[in-house]
Amino acid sequence: MDPQIIIARRVARELHSGDLVNLGIGIPTLVANYVPADLKVFFQSENGLIGTGPIPEQGMAHPLLTDAGGRPISALPGAATFDSAMSFGLIRGGHVDVTVLGGLQVDADGHLANWMIPGKMVPGMGGAMDLVSGARRVIVAMQHAAKGKSKIVAKCSLPLTSTRPVDLVVTDLAVIGFAGGKATLMETAPGVSVAEVMAVTEADLTIPGTVPEMKL
Amino acid sequence: MDPQIIIARRVARELHSGDLVNLGIGIPTLVANYVPADLKVFFQSENGLIGTGPIPEQGMAHPLLTDAGGRPISALPGAATFDSAMSFGLIRGGHVDVTVLGGLQVDADGHLANWMIPGKMVPGMGGAMDLVSGARRVIVAMQHAAKGKSKIVAKCSLPLTSTRPVDLVVTDLAVIGFAGGKATLMETAPGVSVAEVMAVTEADLTIPGTVPEMKL
Amino acid sequence: MNPVSVEEAVAMIPSGASIMVGGFMGVGTPERLLDEVVRQQKTGLTLISNDAATPGKGVGKLFDAALVSRLTATHIGLNPKAQQQMLANQIAVDLIPQGTFVERIRAGGCGLGGVLTPTGVGTLVADGKRLIEVDGKSFLLETALRAQFALVHAFLADYLGNLTYALTARNFNPVMAMAAETVIVTAEHIVPVGVIAPDHVVTPAPLVDYLIANG
Amino acid sequence: MNPVSVEEAVAMIPSGASIMVGGFMGVGTPERLLDEVVRQQKTGLTLISNDAATPGKGVGKLFDAALVSRLTATHIGLNPKAQQQMLANQIAVDLIPQGTFVERIRAGGCGLGGVLTPTGVGTLVADGKRLIEVDGKSFLLETALRAQFALVHAFLADYLGNLTYALTARNFNPVMAMAAETVIVTAEHIVPVGVIAPDHVVTPAPLVDYLIANG
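Chains as they are written, first to last, in the working numbering: chain A, 13 to 228; chain B, 13 to 228; chain C, 2 to 216; chain D, 2 to 216.
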C-alpha cells in the first residue's frame with residue numbers, strides 16, 4: 013500500500029461521530045477519503061467553513077467556496093460559514109476535537125516542528141500554531157523518515173510550532189503516542205517489526221509488552 | 013416648555029446625518045422624538061440592534077424585539093441585528109458617533125458619575141462605562157440640579173463612570189462644553205440668563221464673551 | 002448534538018454548578034430550561050447572566066426560587082428580589098461593565114486568557130486588576146470567564162444543531178454557546194437540515210451538546 | 002455611506018498608506034479596488050492581509066506591481082514574487098499566526114488594546130513580546146492592529162451600506178471593516194434596503210464609509 017494511504021487510513025480510524033476535525037494540507041487532506049460513510053464527522057476549513065464536502069462536480073465549483081489553499085470545494089447539507097475570528101475562536105477555544113497536521117519533526121517529548129527551516133524561505137505558519145495550541149487532540153500525519161533521516165527525533169532542532177505536545181503521530185511505519193509524556197510505540201504498520209521501527213527512529217521509544225499491528 | 017423636552021430638543025440638534033447614535037434610558041430616550049424626519053440617523057440599542065424604530069403599533073410588538081430595558085420596539089427598514097460582542101465592539105471601538113446618557117454629576121473636568129451612589133443599592137453599570145469610554149462624542153442629558161443641588165460640580169464626589177471627559181452637557185438651563193479641558197458655558201436655555209446659570213452651578217464655568225441662547 | 006428532554010437535560014446540572022444563561026432582560030432566555038431548573042430545585046448556582054431580568058421572567062425565576070448563590074452580571078436594577086438577596090448577603094454579586102462581561106465570555110470561549118479594555122480604567126472597576134500599558138495608553142486586563150453549563154435559546158435549530166437567533170434575542174447566546182463545558186439549547190423551532198443556509202448559521206452544530214426535543 | 006466610483010475611492014488612498022485587504026488566497030478580495038490601486042500606482046504600501054494570494058490574483062497584484070513595502074500576513078508560501086521581494090529585502094515582512102492576526106485586527110476594531118493568546122508561547126513568535134500569566138497559565142500579549150484604509154469585498158450591499166458575505170469569501174472582511182479609519186467596499190450585488198434581513202446583516206451600514214457604485 014502507498015505509504016501516504018497507510019497514514020491516511022490509520023488516522024481516519026481516530027475520528028468519532030460528531031467530531032469537529034481540521035485537516036491540514038498534504039497527507040492530512042487524504043484522511044477525509046477514508047472516513048466510513050456512516051461516521052458523521054464535521055470537517056472544518058479554517059478559511060471559514062464547517063461541513064466541507066468533496067471537490068465539486070464538473071461545472072459546479074463556485075469561486076467563493078474554496079479550501080484554505082484556495083481550491084474549489086463543496087459544502088455538505090448542514091454546513092456553516094463564518095468569519096476568521098470565529099474560525100480561530102473554534103480552533104483556539106478547544107472546539108476542534110481533532111486536528112491532523114503534517115510535520116517536519118516530532119521529538120521524544122511530543123513537540124512538533126512543522127513551519128520553518130532556518131536558512132530556507134519561510135512561508136509563514138498560517139493557522140498551524142493556533143491549531144496545535146488549541147485543538148483537543150493533535151495528530152501528526154507524516155512519513156517516518158525523509159531522505160533517510162528519522163523525523164521522530166530526540167529533540168527538535170527546528171523551531172517549534174507549539175510547546176504543547178502532540179497526542180499522536182501516525183507514520184507509514186508506526187503509531188506513536190505521548191500519553192505518558194514520552195514517546196511510546198503504540199502500533200506498527202502491516203509487515204513492519206518493532207525492531208525495524210526502532211532502527212529508523214532517532215528518538216528513544218518506550219516499547220510496551222505487546223505492540224499490535226495497525227488496523228487499516 | 014417641559015425641562016426634559018428642552019434637553020431632548022437641544023440634544024437632537026447635535027446629531028448629523030449618518031451618525032450612529034446610542035441613547036440611554038430616561039431623558040436621552042426622548043431625543044429620538046425630536047430628530048427631523050429628513051435626518052438619517054442610525055439608532056443603536058445595545059442589546060443588539062441598529063435601526064431602532066418607534067414603539068410598534070397595537071398588535072405588532074414581538075417579544076424578541078425589545079430595547080435595552082426589555083420594552084417592545086420596532087425596527088426600521090435597513091436595520092441590522094447582532095450579538096452583544098458586536099454591539100460592544102461597535103461601542104468600545106469608536107463606531108458609535110454619539111452617545112447620550114443621563115448623569116448624576118459632571119464635574120469641571122468633564123468627568124461623569126452616573127452609575128453608583130455609595131450606601132445605596134447599586135444596580136450595576138450596564139453598558140454605561142463602555143459607552144463613555146468608547147463613543148466618539150459623549151453627551152450628558154440631565155437636569156441642571158436635583159433637589160436644589162447643582163449636578164455640575166467642582167469635583168465628582170460619586171464614583172466615576174470613566175476618566176474620559178464628556179464632550180457636552182445639555183441641561184434644562186444650559187449647554188456646557190469641555191473642548192478646552194474646562195467646563196465652558198456655551199448656551200443658555202430660552203429666558204435664562206448667564207447669571208442665573210452661574211448661580212445654580214457649583215462648578216466654575218468659563219464664560220465666553222457672548223453666550224447665545226439655545227436654538228430648539 | 003444529542004436531542005434530549007428538558008427533564009433529562011436539567012438532571013445533568015448538579016446543584017452548585019456554574020451556569021451561563023443567555024438573554025437580555027429575559028429576551029432570548031431558555032425559559033423552559035429555567036422552569037425545569039426551578040422544578041428540580043438546583044440550589045447554590047453560580048449564575049453568569051447579563052442581568053437579573055424581572056421577577057417571574059427569564060433568570061428572574063432563579064431569584065424567585067432563591068437558587069442563586071453567586072452572580073456575575075452587568076445590571077440587576079429591575080429585579081428587586083435579586084437586589085434584596087444581594088443586600089442580605091444571600092448572593093455574592095460581581096457587577097461588571099457589559100462590554101467587559103461579553104468580552105470575558107468570548108475570551109473564555111475562544112481560548113484567550115483575557116483582553117485589554119480601556120473600560121473601567123481609573124474607576125472602582127479597576128480595583129485589584131492589572132493595569133497594562135500599550136503604546137502609552139492604559140488598559141485593564143480582564144480575564145476569561147467560563148462556566149460548566151451554557152443554557153442557550155435559539156430561534157431555529159436544525160437536526161444537526163446549527164442555530165440562528167431572531168432580532169434582539171441573539172444578545173449573549175452565541176458567545177455563551179462557546180464558553181461552557183456543556184451547551185444545552187432550546188429553540189423556538191426545530192427544522193430540517195438545509196432550512197438554515199450556511200451563511201445564516203450563527204452557532205455551528207458542533208458547539209451544541211444537547212438540544213431540547215419537542216415533546 | 003457614500004457611493005463613489007472606484008477611481009474616486011482609490012484616489013483617496015495616498016502612496017505610503019496602510020491598507021487592510023480582505024480575502025483568503027484571493028477569495029473574497031475586492032479585485033476592482035486592487036486593479037485601480039495598481040493603475041494609480043500607489044507605492045510604498047503597508048499591507049495587512051492574511052496571505053499574498055498568487056501572482057495575478059487578489060493582493061498578489063500588489064506584489065506583481067511592487068507596490069508593497071511592509072507586509073503583515075500569516076502565510077505567503079504560494080506567491081513566489083512576494084517571497085522574492087521579501088528575500089531581497091524590498092519588503093519588510095511580519096509573519097504571524099493566523100488566529101493572532103485576526104484577533105489583533107478584531108481588537109483594533111473593537112477598541113481593545115490587545116488580547117492574551119496561548120498561541121506562540123515558547124516559540125520564535127514570542128520574541129520581544131510580553132508574557133502574561135493568568136491563573137498559572139502563560140499567554141502572549143498581542144496588541145491591536147489597525148490601518149488607515151480597509152478594502153472590503155461583500156456579496157450583497159444594500160443602499161444604506163449593510164453588507165453580507167458569501168460562503169468562504171467572508172473570512173477577514175467583517176473584522177477589517179471595523180479596524181480602519183476609512184472603509185471602502187465593493188459588492189457583487191447592490192440591492193435595495195430590506196433585501197437583506199436584519200438578522201443576516203454581518204457588517205452594519207454605519208461601518209461603511211464608501212461603497213463602489215455600479216458604473
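It should be emphasised that the hints constitute simulated quantities derived from the structure, not laboratory data.
Here the structure is a predicted model, which means the values were calculated and not measured.
Note that the Cβ used here is the ideal one computed from N, Cα and C, for glycine as well.
There's no promise every hint is true.
Unchecked claim - From the structure, some residues in chain C lie toward chain B, with a derived Cβ separation under 8 Å: (1) Gly-27; (2) Ser-70; (3) Ala-74; (4) Pro-98; (5) Thr-118; (6) Pro-119; (7) Ala-170; (8) Arg-171.
Unchecked claim - Below, simulated DSSO-like cross-link-like pairs (lysine-lysine); rule was C-alpha separation at most 27 Å, straight line: (9) Lys-43/D x Lys-58/D; (10) Lys-130/D x Lys-132/A; (11) Lys-167/A x Lys-132/A; (12) Lys-130/C x Lys-138/D; (13) Lys-132/A x Lys-58/D; (14) Lys-132/B x Lys-58/C; (15) Lys-138/D x Lys-138/C; (16) Lys-132/B x Lys-138/C; (17) Lys-132/B x Lys-43/C; (18) Lys-138/C x Lys-82/C; (19) Lys-138/D x Lys-132/A; (20) Lys-52/B x Lys-227/B; (21) Lys-227/B x Lys-194/B; (22) Lys-130/C x Lys-62/D; (23) Lys-167/B x Lys-132/B; (24) Lys-161/B x Lys-132/B; (25) Lys-132/A x Lys-159/A.
Exercise for the section: Mind checking the alpha carbons of Lys-138/D and Lys-138/C for me, to see if they're no more than 27 Å apart? Expected result: Roughly 25 Å between the alpha carbons, so the hint for Lys-138/D and Lys-138/C holds.
Practice task
With a cut-off of 27 Å on the C-alpha distance, tell me whether Lys-130/C and Lys-138/D pass.
Solution key: holds (17 Å)
Practice task
With a cut-off of 27 Å on the C-alpha distance, tell me whether Lys-167/B and Lys-132/B pass.
Solution key: Given that 27 Å is the threshold and the Cα spacing comes to 20 Å, the pair holds.
Problem - Holds or violated: Lys-161/B to Lys-132/B, with C-alpha atoms at most 27 Å apart - result: holds (18 Å)
Problem - Lys-132/B paired with Lys-43/C [C-alpha distance capped at 27 Å] - result: Answer violated: Lys-132/B to Lys-43/C is near 31 Å, above 27 Å.
Handout entry: Interface hint compliance - Ala-74/C to chain B, C-beta minimum distance less than 8 Å
Key = Since chain B brings a Cβ to about 6 Å from Ala-74/C, closer than 8 Å, the hint holds.
Exercise for the section: Have a go at the Thr-118/C hint: is there a Cβ in chain B nearer than 8 Å to its own Cβ? Expected result: Nearest chain B Cβ about 7 Å off; hint holds.
Problem - Holds or violated: Lys-132/A to Lys-58/D, with C-alpha atoms at most 27 Å apart - result: holds (25 Å)
Exercise for the section: Let me know if the C-beta of Ala-170/C comes in closer than 8 Å to any C-beta of chain B, holds or violated. Expected result: holds (4 Å)
Handout entry: Pairwise hint evaluation, Lys-58/C against Lys-132/B, where the allowed Cα distance is 27 Å at most
Key = Given pair Lys-132/B, Lys-58/C holds - Cα atoms ~25 Å apart, limit 27 Å.
Exercise for the section: Closer than 8 Å between Cβ atoms is the bar; does Pro-98/C clear it against chain B? Give me holds or violated. Expected result: holds (4 Å)
Exercise for the section: Using 8 Å as the Cβ threshold, decide whether Pro-119/C counts as touching chain B. Expected result: This hint holds: Pro-119/C lies near chain B, its Cβ roughly 5 Å from the closest one there, short of 8 Å.
Hint compliance for this structure: hints 2, 16, 17, 18, 19, 22 are broken, all remaining hints hold.
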